[in-house]
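K.L.:
What follows is the residue order along each chain.
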Amino acid sequence: MSTSVIAPTAKLGAGTRHGDFCVIGEDVRIGDGCVLGHHVIIHDGTTIGANVRIDDGAVVGKRPMRAANSAVTKDADLPPAAIGPDGIIGTHVVIYRGCAIGRKVLVADLSTVRENVTIGDFTIVGRGVAIENFCTIGRYVKLETNVYITAYSEIEDRVFVAPCVATSNDNYIGRTEERFKHFKGVTIRKGARIGVGAVILPGITINQDTLVAAGALVTKDTPARKIVAGIPAKEFREVPADQLLDNQGWKE
Amino acid sequence: MSTSVIAPTAKLGAGTRHGDFCVIGEDVRIGDGCVLGHHVIIHDGTTIGANVRIDDGAVVGKRPMRAANSAVTKDADLPPAAIGPDGIIGTHVVIYRGCAIGRKVLVADLSTVRENVTIGDFTIVGRGVAIENFCTIGRYVKLETNVYITAYSEIEDRVFVAPCVATSNDNYIGRTEERFKHFKGVTIRKGARIGVGAVILPGITINQDTLVAAGALVTKDTPARKIVAGIPAKEFREVPADQLLDNQGWKE
Amino acid sequence: MSTSVIAPTAKLGAGTRHGDFCVIGEDVRIGDGCVLGHHVIIHDGTTIGANVRIDDGAVVGKRPMRAANSAVTKDADLPPAAIGPDGIIGTHVVIYRGCAIGRKVLVADLSTVRENVTIGDFTIVGRGVAIENFCTIGRYVKLETNVYITAYSEIEDRVFVAPCVATSNDNYIGRTEERFKHFKGVTIRKGARIGVGAVILPGITINQDTLVAAGALVTKDTPARKIVAGIPAKEFREVPADQLLDNQGWKE
Chain D
25 MSTSVIAPTA KLGAGTRHGD FCVIGEDVRI GDGCVLGHHV IIHDGTTIGA
75 NVRIDDGAVV GKRPMRAANS AVTKDADLPP AAIGPDGIIG THVVIYRGCA
125 IGRKVLVADL STVRENVTIG DFTIVGRGVA IENFCTIGRY VKLETNVYIT
175 AYSEIEDRVF VAPCVATSND NYIGRTEERF KHFKGVTIRK GARIGVGAVI
225 LPGITINQDT LVAAGALVTK DTPARKIVAG IPAKEFREVP ADQLLDNQGW
275 KE
Chain U
25 MSTSVIAPTA KLGAGTRHGD FCVIGEDVRI GDGCVLGHHV IIHDGTTIGA
75 NVRIDDGAVV GKRPMRAANS AVTKDADLPP AAIGPDGIIG THVVIYRGCA
125 IGRKVLVADL STVRENVTIG DFTIVGRGVA IENFCTIGRY VKLETNVYIT
175 AYSEIEDRVF VAPCVATSND NYIGRTEERF KHFKGVTIRK GARIGVGAVI
225 LPGITINQDT LVAAGALVTK DTPARKIVAG IPAKEFREVP ADQLLDNQGW
275 KE
Chain B
25 MSTSVIAPTA KLGAGTRHGD FCVIGEDVRI GDGCVLGHHV IIHDGTTIGA
75 NVRIDDGAVV GKRPMRAANS AVTKDADLPP AAIGPDGIIG THVVIYRGCA
125 IGRKVLVADL STVRENVTIG DFTIVGRGVA IENFCTIGRY VKLETNVYIT
175 AYSEIEDRVF VAPCVATSND NYIGRTEERF KHFKGVTIRK GARIGVGAVI
225 LPGITINQDT LVAAGALVTK DTPARKIVAG IPAKEFREVP ADQLLDNQGW
275 KE
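Residue numbers (my numbering), protein chains in the order written: chain D, 25 to 276; chain U, 25 to 276; chain B, 25 to 276.
Everything labelled a hint here was simulated from the structure, so no lab data went into it.
Remember, predicted model here, so these are calculated numbers, not experimental data.
Possibly wrong hints are sitting among the right ones.
Copies of one chain are not kept apart here, so a pair can be met inside one copy or by any two copies together.
[As the list claims (entries may be wrong)] Straight-line C-alpha distance at most 25 Å; calculated SDA-like pairs for lysine to any residue:
1. K258 / M89
2. K244 / E259
3. K244 / E262
4. K208 / L36
5. K250 / G227
6. K244 / G254
7. K214 / E202
8. K205 / D68
9. K208 / L268
So here's chain D without its partners, still in its complex pose:
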């Protein structure tokens, strides 16, 4: 006998299984061949493609929270969360309503993906990663463990962000009314790479195939295909040819 609570209007595909104490809300659509662990919560209206694995304690389709004094006060009418086929959602992951995730995406344990975020196919969102609201993440991106992507960021295809990289979006650091006009996340162009523990300031563009060295503090836009390093980060040398994106033999 099932210990889970599944709304009568939810539809689970052929061969889809779930563990104990799951909660599956109204009008949820789950494709064929999915495997849900124990204690999984899928909120109303969420759609999930075929062959997705969702691990214990994951929460999909959470409604945004609004703090009394949050900088973001508009409460939009968000579409339900949508997760493409063939992906994996890790343990205790939190995915918000208004988030669209492509196919073959891995969202690893304890990470969070906020509302108004899109994530392209074949991307890896590492353990403990936080992607804030209003971000666009491309295809074949790797965000490694504990990476922090600030709101209003754009990350293009084939970007690689090493563990514990931090980003920011408010040069006014919480002061002045002006700041509300100027919130700007980071832009990371196609194939750029960011080393472990680097910090990127608000509004910065990391250009195509730039390599930001480990521990760098990026205070201005970076030149394409160069390595930048240091605090503040300065141009250091060319990215080795064999590491350039175009020389990897990747099809797309």
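Based on the hints, put chains U and B in the right spot on chain D.
P.N.:
Just chains U and B now, kept in the frame of chain D:
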């Protein structure tokens, strides 16, 4: 029929709702108009004000853990956790017994608040933040995503801490018996601001309205109303007048 | 009446208790006198020693996830997770199958321990710590809050890693086929200590009783019993004699 386990001595206010598979312990008091998600655990004796939202998988009132070789060995008799009205507790948050949280406080997803902590009204504790034991956090404070507040810290009103800031409290770094006398967290005075990815050493005071630049390493106390930057952080220039706390037109 | 789901082949020791909505899988063995909170999930085959405390929402014995484009593609036949006696597993912790944890180990809230990891006796794994796969952690180690230990690392006995330290294992940063031959984590020798917010590059050895200062970027192997500091880290001075491991009077 409810799937939750609610102790007979627990009292839930008028209009308070809860999801599936919640566990509400003995003598818990929850005010009117609260909304608890699924899988919420409220431990014995906890009090929660009116109109609080508590999201899926949150745990409130956890008893401290004691490691075999932890530096903190005293096991005090802690009062139950107390959460003021009108707040939000995020998904998979962990709040300890012996923690007192004010009104209109947001504690975002996956953050932890340890025992012997007080948090003032209107404060935001961001996603993934960890506040260790014996900390005092003021009113209208913002601790952004993944901020780490070490034990024995004091953070005054209107402080802003940007994402991924780290603090520490042990200059002896785990050696000598001496160190137990000298554990000292950080003190962040009213209106001070800390930029993304900064690191603050044990016992440091960040003075009133100081702005610590992104990525700085703060090794000594900072001057009020100055910007400090670099590794180690040095005085850089005045905080722009329009960014000073007194010039924001905030009432309190 | 129990609300938990316990497989008929699971064996729980004398005096072992569990909370509500737990799931205990096939062939699990739990020793005497253990205390499991609510919503605890113990996957098939896991063994747990006597007198272990496992807090709410912890997941033990999770099977690895494999991303479509993960660098690690081999899927080994992992042994079940094994946890020694007298330890504590915190709230929402995730421990993988193929992980062996010693006695009197604390794994604090929201931390993750991946497959093919061993952790020695009396070690503390702090809140939010992530230990990736193929790591060896010694005895009496302290990994403080939010420390990140990259895959293929070795950490010897009595090492102390302060909060928010980051490590890495790929000098090619996700490019070239070459890189698969060169993944190498960090090696931290007996008694070494790493200060808050330090970053350690791939393949680095931190030698015996080295002290890495807070905020340092370690780009080459460190000398034993010296303090290294700065970006990049340079030899600074001797570790004070009273802080050397041999002078602590510790028995082992």
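K.L.:
Are any of the numbered hints broken by this structure? If so, which, sorted upward?
P.N.:
Hints 1, 4, 8 not satisfied by this model.
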